[in-house]
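Chemist: Based on the provided sequences and hints, a complete structural model is requested.
If you want the building blocks of each chain, they are given just below.
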Amino acid sequence: MVAATPQLLARLAALVVGGVVVQTAAISQLPVAGANADLSPLLVMAIGLLCGALAGACFGFGVGLFVDVALLQTLGVSSLVLVAVGYGAGRIREARDPEGTLVPIAVGATATLAFSIGFAVMQFLLGVEAPVSGALVRQVITTLVLNTLLALPLYVLVRRWLLPALPDDPRRRRRRAYTTGGLSPLSRT
Amino acid sequence: MYDKTVRRRRAVLGLLVACSLILLTAYFGESAGGALHGVQRGASEVLNPVQDGASRALKPVRDLFGWFGDTLEAKGDVEDLRAERNSLRRELLAEEGARVEADRLRKMLELDSALDLERYEPVTGRVIAQSPTVWYATIRVNKGSDDGVRRGQPVINEEALIGEVTEVFSGAAQVTLITDTTSKVTARTSRRGSFGVVEPASAGNPTDLILNFAPSSVNLDEGERVVTRGTVTDTDRLQSLFPAGLPVGEITRIENAGTDTQEVHLRPFANMRNLDVVQILTRPGAGT
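As you go down the protein sequences, you meet chains A and B in turn.
Under numbering that gives the first Met the number 0, read the first sequence as residues 0 to 188, first letter to last.
Under numbering that gives the first Met the number 0, read the second sequence as residues 0 to 287, first letter to last.
No lab work stands behind these hints: they were computed from the structure.
None of the values given here were measured: they were computed from a predicted structure.
Treat each hint with caution, since some may be false.
[As the list claims (entries may be wrong)] In silico lysine to any residue, SDA-like type, Cα no more than 20 Å apart, as pairs: (1) B:K183 x A:V127; (2) B:K183 x A:G126; (3) B:K183 x A:P130; (4) B:K183 x A:Q122; (5) B:K183 x B:T260.
[Stated by the list, open to error] Over the 12 Å line for every Cβ pair with chain A, so calculated as not near, a few chain B residues: (6) D146; (7) R191; (8) D259.
A virtual CB, placed ideally from N, CA and C, is assigned to each residue, including glycine.
Modeler: As structure tokens, then:
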């Protein structure tokens with residue numbers, strides 16, 4: 000778990016605002032094959048992987064709340080789903096401490112799929128009567144593909160943005176563990 | 000130590016989930032004038048200038064993206080454009096963006112004069128934000144109550160009706176598109192004059208609408224145009240939000256024609272995935 004310093008909190012807050020504004024003002028208006036990328040689950044995934052489950056869940060709640068407020072959507076829906084996404088991504092880091100370039104891509108794709116399915120379930124629970132169409136499924140799949148392509152560059156950007164405020168960067172931690180004989184960050188607890 | 004960390008993590012997770020559920024329940028249960036809706040509107044009021052600024056700042060990025068899309072479609076232009084120097088390419092990008100915008104505005108003026116929309120006092124605005132999820136077909140435009148925009152006013156683009164204003168701020172307005180699952184538009188077919196209600200055929204499909212409640216006894220044809228009905232009554236109470244005659248879409252197919260389960264499918268004239276400049280008709284009742 001990463002200690003929440005004021006600098007880290009400020010950078011996370013800026014990431015929430017910047018991410019949501021860029022999403023609504025630009026990314027949402029760039030349709031590719033009838034759908035668009037959705038940065039929210041990718042941002043939450045990146046924070047979960049970099050900072051752990053607690054930070055991931057809190058960041059997911061913040062992003063979801065901000066998205067719902069900014070777009071006049073039903074409050075709490077995005078928060079609820081993104082809390083789960085952030086917590087899940089954080090737990091992957093804490094339990095497995097995965098290394099490798101493909102990890103953000105795989106976790107990003109999973110996060111997007113979980114977010115899409117979770118959001119759809121919530122909409123049906125809230126009483127959307129419209130039937131599910133092939134077009135909806137196509138859009139979800141297109142978003143999944145776009146997000147998978149964006150997962151790695153976005154993860155790198157987020158990591159670079161948070162690096163000055165991250166006391167426990169995964170790469171440095173691993174390097175330290177190997178040189179000092181530690182097997183895993185869990186061994187320190 | 001480990002147990003304490005796990006307990007703390009789970010407690011925070013439970014707290015966040017509980018907060019989300021409380022927000023969700025309270026928001027869903029209250030009326031549109033409730034406290035949470037008020038907070039949301041207040042926050043949006045603050046965010047609108049930020050979104051407007053970001054939308055303007057990021058327009059070159061969108062234009063660049065659109066340019067790539069156009070280039071892929073017009074393969075013949077690719078070779079010429081590749082030969083352009085970088086400075087000329089930037090210039091071309093700016094010109095391309097201006098041309099598309101001018102083309103849109105010209106079409107909008109043509110639609111205005113063809114349908115005599117000037118009497119509805121249209122206010123032209125630009126899309127500054129769009130919902131990223133397929134479950135909400137909404138956009139935000141940079142015109143609000145300061146420009147005479149009110150809730151319920153119809154919104155068109157250069158092609159046809161696209162939706163109605165559902166929330167107004169001082170400098171911006173939220174528009175719910177006719178492809179949103181909550182949208183309903185009273186309409187009639189242009190040739191047969193058959194009445195019905197246009198609704199989205201399914202969630203997340205911006206190219207398929209349904210004309211519900213159209214009488215099965217009337218033979219409708221594929222390709223027939225559908226326009227807003229613009230209900231007029233002696234009292235003001237039941238008047239339609241939309242003036243009569245605004246183009247909506249055209250019939251693409253009719254399932255179970257002539258039966259009680261008849262489904263008339265339409266394709267909207269407006270491309271809902273590519274909205275940039277729109278007009279809000281601020282006096283929709285002026286034509287009656």
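Chemist: Is K183 of chain B within 20 Å of P130 of chain A, Cα to Cα?
Modeler: Answer holds: K183 of chain B to P130 of chain A is near 16 Å, not above 20 Å.
Chemist: Between the alpha carbons of K183 of chain B and T260 of chain B, is the straight-line distance 20 Å or under?
Modeler: Holds, at roughly 19 Å.
Chemist: Are the Cα atoms of K183 of chain B and Q122 of chain A separated by 20 Å or less?
Modeler: holds (19 Å)
Chemist: Tell me if the straight-line CA distance from K183 of chain B to G126 of chain A falls inside 20 Å.
Modeler: holds (17 Å)
Chemist: Is it the case that D259 of chain B keeps its Cβ farther than 12 Å from each residue Cβ in chain A?
Modeler: Answer for D259 of chain B: holds, closest chain A Cβ roughly 19 Å.
Chemist: Holds or violated: is the Cβ of R191 of chain B farther than 12 Å from all Cβ atoms of chain A?
Modeler: Holds, since 27 Å exceeds 12 Å.
Chemist: Run the distance test for K183 of chain B versus V127 of chain A: straight-line Cα separation, threshold 20 Å.
Modeler: Roughly 14 Å separates the two Cα atoms, so the pair holds.
Chemist: The output says D146 of chain B does not contact chain A. Does that hold with a beta carbon cutoff of 12 Å?
Modeler: Fine: 19 Å to the nearest Cβ keeps D146 of chain B off the interface.
Figure legend: structure checked against the earlier numbered hints; every hint is met.
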